[in-house]
Amino acid sequence: MLEYIELFFRSIFIDNMIFATFLGMCSYLAVSKKVTTAVGLGAAVIFVLGVTVPLNWLLDQYILRDGALAWLGPEYADYNLGFLSFILFIATIATMVQLVEIVVEKFSPALYNSLGIFLPLIAVNCAILGGSLFMQSRDIQSFGLALNYGISSGIGWFLAILTIAAIREKIRYSNVPPPLRGLGITFIITGLMGIGFQSFGGMLTGGDDAVSPAETTAEVPTEIEDSTAEAKVFLTRDDAISTKGNANTGTTTARKHPPLSQVNGHDQKVEKELAKKEKEVSYNDAINK
Amino acid sequence: MALLTKKDVSLISDPLADNNPITIQVLGICSALAITAELKASIVMAIAVMFVLGLGNVVISLMRNIIPGKIRIIVQLVVVAALVIVVDQVLKAFAYELSKTLSVFVGLIITNCIIMGRFEAFALANGPWRSFLDGIGNSLGYGAILVIVGFIRELLGSGTLLGYKVLGDPITKTGLYATGYENNGFMIIPPAALIVIGIIIWVQRSRNLALIEDN
Numbered sequence: 001m002l003e004y005i006e007l008f009f010r011s012i013f014i015d016n017m018i019f020a021t022f023l024g025m026c027s028y029l030a031v032s033k034k035v036t037t038a039v040g041l042g043a044a045v046i047f048v049l050g051v052t053v054p055l056n057w058l059l060d061q062y063i064l065r066d067g068a069l070a071w072l073g074p075e076y077a078d079y080n081l082g083f084l085s086f087i088l089f090i091a092t093i094a095t096m097v098q099l100v101e102i103v104v105e106k107f108s109p110a111l112y113n114s115l116g117i118f119l120p121l122i123a124v125n126c127a128i129l130g131g132s133l134f135m136q137s138r139d140i141q142s143f144g145l146a147l148n149y150g151i152s153s154g155i156g157w158f159l160a161i162l163t164i165a166a167i168r169e170k171i172r173y174s175n176v177p178p179p180l181r182g183l184g185i186t187f188i189i190t191g192l193m194g195i196g197f198q199s200f201g202g203m204l205t206g207g208d209d210a211v212s213p214a215e216t217t218a219e220v221p222t223e224i225e226d227s228t229a230e231a232k233v234f235l236t237r238d239d240a241i242s243t244k245g246n247a248n249t250g251t252t253t254a255r256k257h258p259p260l261s262q263v264n265g266h267d268q269k270v271e272k273e274l275a276k277k278e279k280e281v282s283y284n285d286a287i288n289k
Numbered sequence: 001m002a003l004l005t006k007k008d009v010s011l012i013s014d015p016l017a018d019n020n021p022i023t024i025q026v027l028g029i030c031s032a033l034a035i036t037a038e039l040k041a042s043i044v045m046a047i048a049v050m051f052v053l054g055l056g057n058v059v060i061s062l063m064r065n066i067i068p069g070k071i072r073i074i075v076q077l078v079v080v081a082a083l084v085i086v087v088d089q090v091l092k093a094f095a096y097e098l099s100k101t102l103s104v105f106v107g108l109i110i111t112n113c114i115i116m117g118r119f120e121a122f123a124l125a126n127g128p129w130r131s132f133l134d135g136i137g138n139s140l141g142y143g144a145i146l147v148i149v150g151f152i153r154e155l156l157g158s159g160t161l162l163g164y165k166v167l168g169d170p171i172t173k174t175g176l177y178a179t180g181y182e183n184n185g186f187m188i189i190p191p192a193a194l195i196v197i198g199i200i201i202w203v204q205r206s207r208n209l210a211l212i213e214d215n
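Heads up: the sequence lines are chains C and H, in that order.
In this text, residue positions in the first sequence follow this note's numbering: the first is 1, and each later residue adds one.
In this text, residue positions in the second sequence follow this note's numbering: the first is 1, and each later residue adds one.
A few of these clues could be false.
[Claimed, not checked] Cβ-Cβ distance ranges computed for the label pairs, FRET-style: (1) 103/C to 9/H: 47 to 53 Å; (2) 199/H to 83/C: 35 to 41 Å; (3) 173/C to 101/H: 41 to 47 Å; (4) 175/C to 188/H: 29 to 35 Å; (5) 176/C to 100/H: 38 to 44 Å.
If you are wondering where the hints come from, they were derived from the structure by calculation, not from laboratory data.
Cβ atoms here follow ideal geometry from the backbone N, Cα and C, with glycine treated the same way.
Please model the entire structure based on the sequences and the hints provided.
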């Protein structure tokens with residue numbers, strides 16, 4: 001369960017499709033002039049990602065992986081069809097987008113009309129293919145996690161395009177220098193938003209700078225009482241590689257590794273949190289005097 | 001028939017400045033931002049796109065009269081995917097370290113808007129030689145921006161160029177580092193590429209006032 005929550009928040013904030021990996025920038029820049037169209041495209045991207053990433057996971061698991069063809073018969077076990085990934089993924093995506101278009105047209109003509117040209121264009125949106133390729137390179141382990149990854153990456157993209165559309169609507173009344181107007185200032189604002197989102201990097205390390213100390217301290221004591229293996233999910237994915245032995249490739253941003261003493265010494269952690277809260281309280285007194 | 005008429009030369013020179021695919025046509029942004037932390041990766045990506053776009057343009061242009069209208073996009077996707085698979089396998093075979101740096105972005109050349117954009121806008125309506133030139137021109141324009149951004153980011157962010165330490169050694173404090181200079185860590189993180197390209201756009205549009213957008 002915790003894996004799901006971690007993947008969900010990690011894909012929205014830390015590995016955000018726009019700010020961390022720049023997937024889907026072309027349509028992000030083209031469609032973000034009005035909030036209403038941005039919302040429509042964002043919703044469509046969430047839906048398509050939620051459909052194609054799990055499907056491509058199944059393809060990857062049963063056809064494309066090294067040795068995946070063993071279910072056909074033992075003589076097929078050493079075939080590696082990995083090089084066909086690109087063409088199979090893009091074929092699935094193009095087909096699913098076409099299917100989605102037909103279904104939406106049949107069941108909700110109003111939505112179909114408001115999305116207009118964007119729905120077919122999603123097939124060639126880097127974000128969709130990128131979602132599947134990252135799912136493959138990060139070795140997502142189960143169908144449920146793949147579905148989770150697809151939907152949460154979509155939500156991250158939706159969040160990004162929504163915020164830039166809102167900002168662009170407001171900039172029209174600002175005094176932007178003419179050469180920067182339109183495209184230039186959008187690039188710079190997106191860069192600044194990217195820097196802001198980098199601050200989420202400390203969110204899931206479980207270290208001293210955890211953004212939500214309340215929930216981790218509440219859960220750490222009970223979890224560790226059950227088993228130390230359970231508590232290891234609080235470590236970053238990089239730590240999880242060494243403990244679980246997965247062949248995960250870590251994400252590109254640098255991660256702080258929490259000291260392993262936290263797993264065993266949860267008392268120290270609780271004490272540290274209490275000490276921090278006491279410090280905060282006294283600071284508040286100091287400034288309010 | 002002359003091999004390179006004046007119009008043909010403009011097919012190559014226009015995308016380098018006035019019709020640049022990244023800064024003017026706003027295509028191909030995704031990969032331009034993500035892999036430019038190193039100059040070597042930028043150069044290799046530019047060459048890969050040149051290969052895919054040049055050959056792809058020629059193939060689509062040769063097939064342009066036989067492709068049925070309804071499955072146009074699918075045919076284009078198949079052609080691009082096949083070429084990208086070739087590029088990916090060649091990279092994995094001859095430059096494995098680099099293919100790890102580029103990771104999924106080689107695959108993302110398939111959805112690189114420049115390629116589909118040039119197919120639709122040019123290759124479907126023009127002969128093979130001119131399509132080839134158009135492909136080369138646009139990928140040169142794309143490569144120019146990539147190399148500029150990669151150069152700035154690698155030089156300021158790690159003090160190296162193509163892996164060679166050009167400003168001195170940061171650990172033993174020789175060269176420029178002896179004066180107290182430090183590498184700018186901001187240039188390594190992804191958002192730096194966005195801001196560098198924003199500044200490039202600013203410079204380009206200040207020099208060519210015709211490109212300024214109206215509100």
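So the hint says 35 to 41 Å: do the beta-carbon atoms of residue 199/H and residue 83/C match that? 39 Å, holds
Is the gap between the beta carbons of residue 175/C and residue 188/H within 29 to 35 Å? Cβ of residue 175/C to Cβ of residue 188/H: about 32 Å, so the range 29 to 35 Å holds.
Between the beta carbons of residue 103/C and residue 9/H, is the distance compatible with 47 to 53 Å? 49 Å, holds
If I claimed the Cβ atoms of residue 176/C and residue 100/H lie 38 to 44 Å apart, would that claim hold in this structure? Holds, at about 40 Å.
Holds or violated: the 41 to 47 Å window for the beta-carbon distance between residue 173/C and residue 101/H? 42 Å, holds
Every hint, counting from the list given before, is met by this structure.
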